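Visitor: Chains as they are written, first to last, in numbering that gives the first Met the number 0: chain A, 0 to 655; chain B, 0 to 301; chain C, 0 to 465; chain D, 0 to 212.
Hints are supplied without guarantee of correctness; some may be wrong.
To be verified - Here are some chain A residues the structure puts well away from chain B; computed CB gaps all over 10 Å:
1. His106
2. Gly275
3. Leu611
Stated by the list, open to error - Simulated coverage check for chain A against chain B, where a stretch passes if three residues somewhere in it have a Cβ under 8 Å from a Cβ of chain B:
4. 375-382
5. 397-408
6. 437-448
7. 565-571
As the list claims (entries may be wrong) - Cβ pair distances, simulated, as ranges:
8. Leu525/A - Gln280/B: 41 to 47 Å
9. Leu106/D - Trp654/A: 32 to 38 Å
10. Ala26/B - Asn518/A: 46 to 52 Å
11. Lys25/A - Arg92/C: 48 to 54 Å
12. Val14/C - Asp5/D: 48 to 54 Å
13. Trp654/A - Glu175/C: 26 to 32 Å
Read the hints as simulated data drawn from the structure, not as lab findings.
Here the structure is a predicted model, which is why all the values come from computation and not from measurement.
Built from N, CA and C at the ideal position, the CB exists for glycine as well.
The primary structure of each chain is shown beneath.
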Amino acid sequence: MTVRLLLVAILLTGISGIPGLFFPRKSPLGERVSAVLLGTGCLLGLFSAFACLLPNAAASLEAVWPVPGGAFAIRVDALSTVFLAPIFLLSLLGSIYGLEYWSHADHPRSGPSLRLFWGGLTAALALVVTAQNTLLFLAAWEVTALCNFLALTVEHRHDAEARRAGLIYIIATHAATLALFGMFGVLHAATGGFSWTPLADSAAKNGSTTALFLLAVLGFGTKAGIMPLHVWLPPAHANAPSHVSALMSGVVIKMGIYGLLRVTSLVAHPPIWWGGVVLGLGILSGILGVALALGQHDLKRLLAYHSVENIGIICMGLGLALLGRAEERPELVALGLAGSLFHVWNHGVFKSLLFLGAGAVIQRVGTREMDRLGGLARKMPYTALLFFVGAAAICGLPPLNGFASEFLVYIGLFRAAVEKSGRLWLAGGLGAPALALVGALAVACFAKAYGVVFLGLERTAAPSRAREAGPMMLAPMIVLAGLCFALGGAPAVVAPLLDAAVHEYGGGAPSLLKMAPLNFLSVTALFLLVVVLVLGLYLYLRTRRALPGSIGTWDCGYAAGAARIQYTASSFADSLVRLFAWVLRPLVREPKLTGPFPKPSKFHSETPDVVLDLALVPAIDTTGRAFSWLRWIQLGSIHAYLLYILLTLLVLMLWK
Amino acid sequence: MLQTLIQVALLLALPPLLRGIINKTKAAFAGRVGPPLLQPYYDLIKLVRKDSVFSDITTWVFRAGPVVAAATPLVAGTLIPFGSAAPLISFSGDLVLFAYLFALSRFFTVLAALDTGSPFEGMGAAREATFSCLAEPALFLGLLALVRASGSLSLATMLGAGLGATWTTSGASLLMVIVSLFIVVLAECSRIPVDDPATHLELTMIHEVMVLDHSGPALGLIEYGAAAKLFVLGALVTRIAVPYEGANVWVNWGLLLVGIGALAVVIGVVESVMARLRLLQVPSLLVAANLLSGFGIVLLAR
Amino acid sequence: MLFALVLIPLAFAGVAFAVPSQRWRPWLLPLGGGAHLGLYLAALRQSNLSALDGWLVLDPLGRLVLGLISVLFLLSSLYAPAWLALRPGRSNRVFCANLLIILSMITLITVAHHLGLMWVAIEATTLAMAPLIYFNRSGRSLEATWKYLLIGSVGIALSLMGSFFLAYSAVGSRLESSLLFEDLIRDAPQLSRPWLHAAFVLLLVGYGTKMGLAPMHTWKPDAYGEAPGLIGTLLAGGLTSGAFLAILRFFQICSAAGEAAFARPMMVALGLISMAVAGVFMARQRDFKRLLAYSSVEHMGILVVGVGIGGTAIFGALLHLLNNGLTKGALFLSAANIHRAYGSKLAAEVTGALQKVPISAALFLTAFFISEFTIVRAAIFNGQYAVAGLFLLMLVVVFVGMGATVLPLVQGEATPSRPDALLTRETFFNVAPPLAFMSLVLLLGLYIPPFVSSLLKDAVATIELR
Amino acid sequence: MHSVVDPLLVVILLLNFFLLGTTRLRAAIAGSAAQGVILGLLAALVHVSVGPRPLLIAAGAAFIKGLVIPVLLIRAMRDAGIRREIDPLVGFIPSLLLGAIALAVSLIFAQTLPVVPSQAGSLLLPASFATVLTGFIVLTTRRKAITQVVGYLTLENGIFIMGLSILEAMPFLVEIGVLLDLFVGIFVMGIIINHINREFSSLDTSRLSALKE
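Just chain A, same shape as in the assembly (with noise of 0.2 Å):
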């Protein structure tokens, strides 16, 4: 009963952009009721999500789907959930905050296809964590990426940026498509079926395992955005309309680990370097992605390397977990998972955060380049001040969310490296210095972001017109914030739902609450609130009454050009990047200055993607001329032609 419950939420959420289609172009009821059929759809989804754990529940369904191997078989266990919550909570949101940001009025053409593609991406995400049948699993990870590039290049007839971002897109996701076909083939040939079915211990040693891994490291690893596999997600997340980067960020990206997860959990004894390559790919993609985000000058691409960094913290949680398995380690199995999945949630709610924060601004304002704004704090206020908690959040600073979760990754890695075990402590010394190094970054790179977009002075005369965010692009955000709270504040909450997916996944510990003090850290937030609450009161009553008057910030007698001889984005992470330099190969082209009097040039300086536009991009040009030269083979001499079939002929003659 539950699960049709589900089904019905993914029905209501996958038609729900469809009515819009046939309302008048001018009237804006399409978009109202849109909201409410997916509205209704993801609470519904949100309680059968959860009411399918409950004992004695319906939690799967299995109906006829007259396709070789398929069948529609559905099934919720605690690790679907863990991923349906974020996915209802995040459509349900980012529609209604699309309300207002894509709104009919002033996006009639492409509003309705938005919210269509919306609906669509929704439904089919629900599907993909749910689906038990592998080929089922397939095509709706098929929807999930149509409905999503569809979503991502809505734009298209005016932003070449998301043309290309989309073509980047879709390539990168069919080849991980590409890759999932031969993992499933491989899964197929090892148990014979078309489900998620445990592969026997046998089938380890034809090399089935490892193929299986490979590909699903390569095809879900893609999905997921793992360094050196993320190349499409900063422009794809850069150029999505905000709230669709939200969703992208907050969830979908989120599929590749849930793969990565399922996969993981059919091989009964993994290798141990399974584990060390899904910890090393985590550890890479967190310091390269935080490090790339603090060369980035536009805010919704920083963003994005820093989905880069967080799918990499998830992944030093799964890689734990892994290892633990392949060591018998069941708590690390539970510390390192339980982080994992409970960063999963946590990324998705303060990430959308900062997405939804960063689309308020790039609509009041209307550039995303963080070096053209500046002083925002003071013209929006609350969207400030969300943006400031989402980027505390993922700073991984307590009490908030990020901390929590962060906090069962580091515990789990501190413990693996009072093991005895060589490899398991190796882990562990590697990880626990590396995530602090992300977490510092982490922590100058938003300083950065924040500061530079929110504070001091307006950089160019754009952000000093702009105005509060209405309240429908406000209320998502102020829910956001305020689980950023929750979940930070109070994470014992959770620990039964990870503790079942857990289990799910194969682990048999104790119980998360006993090995992690999760209720210390909401003591400990309590205190700290105290804490900083007397002694804010204290300044708070003592400067009252400031000095009046009109007071500009002390220049050190340099009174000129205050706006623009602040710190830029650029200027500020300079030192960090520099640092880094050996791997991020950021491009300046600065003047040479020549005289006592040089003549007024240009500096700039930008970090590319290190794999995508210093890896991929020349190799698939150099391939493309390899290709352009290969094309005398089409020369257009018919003589040629039939020579070809005289030679082919004898080549087969002579071969057998």
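Based on these hints, arrange chains B, C and D on the given structure of chain A.
Guide: Quick look at chains B, C and D alone, frame taken from chain A:
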């Protein structure tokens, strides 16, 4: 209960004294009398009684910075054991919280600096953010070594009585960790050779320039927070160096206080005999701290 | 019944020759197509249809391909009247008659169980197609026709020789030589091996030319590029399927002789080469109709690889045969609309088609995407990891090249049309047929009706004789 | 039987070389016509015992290949006003050498295939292969469309020789179909040649290279 009260009292009262000791040491090296030992307290009282000036450009972040900067070291201080008192709050994994509290404080102070829109403070903020990125892993590596040595994830046990035994088995490691953490303390607390607390010239602008625009009680909170940070981190280092825990609680307290005092003297000596490093060389120093702790762990793993 | 299937289109062709009205003649096409489909559906109800002493048999494989052809023809013929109406100045007599002749001959291919007769039918389709490719009466289309005709004829001549070799393989073993399919299957184990091998090579190369496997595919981009889109549909969906059916027939004989192991590596090799060549030429392709041609080469490669791998891949290949045929319908017809809306088929001159011909552009994009996606079925392998890996790699290469060409075509701001563009807006008759094709493809992707799946299963069962 | 068949096959082989060596289009057409007639003769000789049906086919083949098609081609040639194949892609002497190689390959290839005793030592198979290869050589080395058609005809002739061995496998109907297809094919080619001539004022197919990548 008494022990706890003493701990809280010391935590609240002693931090400014460390600055006094450092300044006195430096004065002694320079052959001056120097300011009174209690001068930092006088300064604080003076600041608290002053009025404040806030730039129009600033927002609430500018005021939150000093508050958080003062609050976080105090909360962090409740997590580590002093003398023979158990920490106020202790749980498995509290070391992570300990480290992240400092990150929280940094986040706020850096933003408070950026809030002014002044290029000078921006420069300080950027440098602060940069160097702490390297100091933080070093802190974690140091803590990791202690975790590895003690097998526990809570600071109370890590810095507990068992540490004495570790000194006998792997003293070299602990020594490396101490040196490494000492460098971290110097960096986090903006001392020479990383920063110069006495000036805010362009060449040295890190911490001091970040707080350029703060005044009155707000500046007082910042000064106090900085001192508390030094005190808490110093207590951590002292505890590793002098893990002795005897039957007599007062001896333990005395040992701790003497230890922290000695640390302050050492800092003073370092500041007197060393020049501030060039900014470009600071990362090398911090990387060295990381490596030291790393070696310490490798030694422990044998 | 079988006679009717073959002869009724011929009769319609005769009528088409006779009807004087330029305007009404094209409507004979859907009429003939409808009649054919009706007959086909009636034939489906009867089992073991056979005529002419077993020369004509409607076996499961034939049913499958014939069904595809019939649907393909009907839907594309619906597109024809409106399209021909755009070019009133040109006589459509030969066009209509030849289309119907081609329908008749492809039908003959699918039901012929005498391999000589099958050859005659294939050659007949080749010849009947030539004037249709030359429909546009330009120098370029003339060149394309010449290449198509000569290369196709040579290829088919080789397959005639292959058929003779096959017949001789019986003589060599002192059996009664025969080209009747049933006889050959029965005698397969005794057939002389060297002759059989040589025969298969000749047939693979010969019908492979017709099918457009690289490196015998060279006529394809020219012919597809210059022929009207409607003709492209029939070439890419119909004639190639017929040629593939022929290859399957000979593969059946090979596998009945226990020589599948001889045939397979060759098919896999040619298939992979086709995919590679397609990948090379699809990247940075400037002409989107030629792009379609290379896509066809790629998909022919996929089909052959599927059969070459064997096992469940054969099912995949046959399903892909249906999907490919129908997708090509959607692709070529929507491409034709785009072509005529802009008056150009060069990627540089066609962008933002979504703005100008939204439905066709959406179809074009979706069909391209789907055409790659339907390979799912073919991609489930029997543990041949090397082949599978190459296969997937080629698909990635193809997709990169294709995506970079197709997306800018469809998205973005529309470029102005050339003055000679014929189509100003989309109408029911030029959008409905590709839409119908697309719906069928989607249907097959999401739901395979029971009768289709039983057709597929029966067909698979006949291919792998052990 | 070899005594009659083999000499005729030798003539066919010689005609192959003639085709490769001649520069005149008319001579080439005549050569292939002669081949067609000899093929008819061969068909009649090989299957003289079977009955009247093969004779009919033989006559049909000789008629179409020896008369109808050559007439078609000569008309096309006249329309185009061309007489010679000048400057082929591969010269005449090298073509002859290639022909010799083709003959050798054919002999070797025929050796590897088992044959029924009655045909042991017969030139039937080698001649067939050699003629097919000759057709290919003409197709790939000559520029004029008409010569290429002649090459295609030669190729078909070679296949026809092959077909002589398995007449029972090719029933009357099919055989007629094959011939009809051949005829229609050449007919269509003739029409296209005509169009090519009008469109490009030349029959040089190497100029037909506008369609390329």
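Visitor: With reference to the structure, classify each hint as holding or not holding.
Guide: Taking the hints in turn, this is what the structure says about them:
Non-interface call for His106/A relative to chain B: holds, since the shortest CB-CB distance, roughly 32 Å, exceeds 10 Å. Residue placement check: Gly275/A keeps its beta carbon more than 10 Å from all beta carbons of chain B (closest about 17 Å). Remark: the non-interface label on Leu611/A is consistent with the geometry, its nearest Cβ contact in chain B lying 25 Å away (cut-off 10 Å). For the segment 375-382 of chain A, the assignment as covered by chain B holds, since 3 residues bring a beta-carbon within under 8 Å of that chain's beta-carbons and 3 suffice.
Requiring three or more residues with a Cβ within less than 8 Å of a Cβ of chain B, the coverage given for the segment 397-408 of chain A holds, as 4 such residues are present. Coverage of the segment 437-448 of chain A by chain B holds. Counting CB-CB distances below 8 Å, 8 residues qualify, and the rule asks for three or more. Counting residues of the segment 565-571 of chain A whose beta-carbon sits less than 8 Å from any beta-carbon of chain B gives 4, enough to reach three: the coverage restraint holds. In this structure the supplied range 41 to 47 Å holds for Leu525/A paired with Gln280/B, their Cβ-Cβ distance being about 43 Å.
At roughly 21 Å, the beta-carbon separation of Leu106/D and Trp654/A lies outside the given 32 to 38 Å, and the hint is violated. The hinted window of 46 to 52 Å between Ala26/B and Asn518/A holds, with their beta carbons roughly 49 Å apart. Checked against the hint of 48 to 54 Å, the C-beta distance between Lys25/A and Arg92/C comes to roughly 51 Å, which is consistent with it. A hinted range of 48 to 54 Å holds for the C-beta pair Val14/C and Asp5/D, which are about 52 Å apart.
Trp654/A and Glu175/C have their C-beta atoms about 31 Å apart, which keeps the hinted 26 to 32 Å range intact.
In summary, the structure is inconsistent with hint 9 from the numbered list given earlier, while agreeing with all the others.
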